[in-house]
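Trainee: Put together the whole structure using the sequences plus the hints.
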Amino acid sequence: MDQDDNFYIDKVLKNDLNAYSVLVDRHKDMVYSIAVKILKNEEDAEELAQDVFVKAYQSLKFFKRESKFSTWLYRIVYNSAISKTRKKQYKTADLDYSIVENYSADEIKEDVERLSDEEQKKIVNTILEKLNPEESILITLFYFDEKTTKDISIITGLSQSNVKVRLHRLRKRLLIEVQSQIKKSNKEIFK
Amino acid sequence: MINNRDKSEDFLKDFIQKLDLESPSDGFTSRVMNKIENEVAEQSLQMNIYRKLRSWYIAIFSAIAAIAYTVYYFIHSNLQFFIGDYDLMIIPVFKKLFLSFKELLPGLKVSSFTVVIILAITGLFLIDRLINRFRTRKNILFSL
Chain A
1 MDQDDNFYID KVLKNDLNAY SVLVDRHKDM VYSIAVKILK NEEDAEELAQ DVFVKAYQSL
61 KFFKRESKFS TWLYRIVYNS AISKTRKKQY KTADLDYSIV ENYSADEIKE DVERLSDEEQ
121 KKIVNTILEK LNPEESILIT LFYFDEKTTK DISIITGLSQ SNVKVRLHRL RKRLLIEVQS
181 QIKKSNKEIF K
Chain B
1 MINNRDKSED FLKDFIQKLD LESPSDGFTS RVMNKIENEV AEQSLQMNIY RKLRSWYIAI
61 FSAIAAIAYT VYYFIHSNLQ FFIGDYDLMI IPVFKKLFLS FKELLPGLKV SSFTVVIILA
121 ITGLFLIDRL INRFRTRKNI LFSL
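Chains as they are written, first to last, in my numbering: chain A, 1 to 191; chain B, 1 to 144.
The set of hints was computed from the structure by calculation and includes no laboratory data. It is possible that some hints are incorrect.
Said to hold, decoys possible - Rough simulated footprint, nothing fancy, chain B against chain A, three-plus residues with beta-carbon under 8 Å:
{"#": "1", "region": "27-33"}
{"#": "2", "region": "48-55"}
{"#": "3", "region": "170-184"}
What the hints assert, rightly or not - Pulled from the structure, derived: some chain B residues nowhere near chain A, Cβ distances all over 10 Å:
{"#": "4", "residue": "Y50"}
{"#": "5", "residue": "V116"}
{"#": "6", "residue": "F125"}
Ideal Cβ positions, reconstructed from N, Cα and C, are used throughout, including at glycine.
Mentor: If you want it as structure tokens, here you go:
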């Protein structure tokens with residue numbers, strides 16, 4: 001049975017260094033994903049992810065367990081990555097709002113299910129690439145890691161209501177974008 | 001009853017989760033653990049140096065306090081204790097040194113005891129600087 005993070009944290013705090021490797025293994029993908037989404041560079045992201053795990057190890061005794069370990073860890077990686085890219089300006093790709101129509105989730109779902117797994121993955125990838133780093137992180141944390149808006153608020157430093165508003169807008173944008181991508185994909189098929 | 005928003009939410013979750021999370025390269029965990037082991041080793045080395053230096057600090061402080069007290073005693077006693085055992089020529093040298101130090105700051109009225117304390121603190125400060133230099137050099141050596 002998988003033990004929860006607190007079990008391994010207790011072991012690490014009792015100087016069991018090997019227990020920390022379990023925590024690294026467990027969270028490395030998410031930590032790396034957050035870093036790579038913000039830094040947009042795999043090498044930099046990997047270096048940052050390593051540093052974050054070392055930093056987290058050194059600060060583990062200060063972790064008060066008021067939030068989940070993953071929330072605390074993602075906050076460290078988010079802040080470290082953001083401070084590394086503070087001077088950079090991000091541009092969001094414009095969405096094609098001309099095709100905005102009142103599609104229901106059921107209709108979109110039906111259209112998506114007609115596509116192969118590979119095509120679906122390609123569409124998700126294209127959509128996520130169009131988002132700016134902050135939006136991409138919100139989507140990753142909310143839909144991939146299924147973090148609550150409260151946890152996302154802790155990680156990103158945004159207020160909880162702000163997170164909710166952004167997620168609401170993003171949800172709309174994503175549905176529009178999915179529909180647009182499906183149309184494009186259908187056009188390619190019928191060419 | 002499931003509303004439209006929940007449906008969208010479920011759909012987007014399932015749809016986005018089709019994509020795998022990015023993964024770091026192979027051996028990531030072992031590289032992190034190596035880094036941490038190195039950090040731990042370096043920290044314990046620094047702790048050892050610090051502990052050694054701490055005992056040095058205590059020894060030096062005790063020595064300076066003893067010297068300061070002896071000097072103070074030499075000047076303020078009527079030398080009754082030392083007359084039989086020590087060369088009397090050396091005692092005025094202490095006294096002259098002490099008085100000339102006091103004359104450096106004629107406007108400042110401080111007791112002899114305060115001067116001795118100031119001298120002791122200054123001595124400690126200089127030794128501390130010296131030890132810090134030694135410690136920094138040693139850290140550089142071990143970090144290579």
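Trainee: Indicate, hint by hint, whether the structure satisfies it.
Mentor: Okay, the hints, checked on the actual structure:
{"no.": "1", "hint": "27-33", "verdict": "holds (count 5)"}
{"no.": "2", "hint": "48-55", "verdict": "holds (count 4)"}
{"no.": "3", "hint": "170-184", "verdict": "holds (count 4)"}
{"no.": "4", "hint": "Y50", "verdict": "17 Å, holds"}
{"no.": "5", "hint": "V116", "verdict": "43 Å, holds"}
{"no.": "6", "hint": "F125", "verdict": "31 Å, holds"}
Checked against the numbered hints given earlier, this structure breaks none of them.
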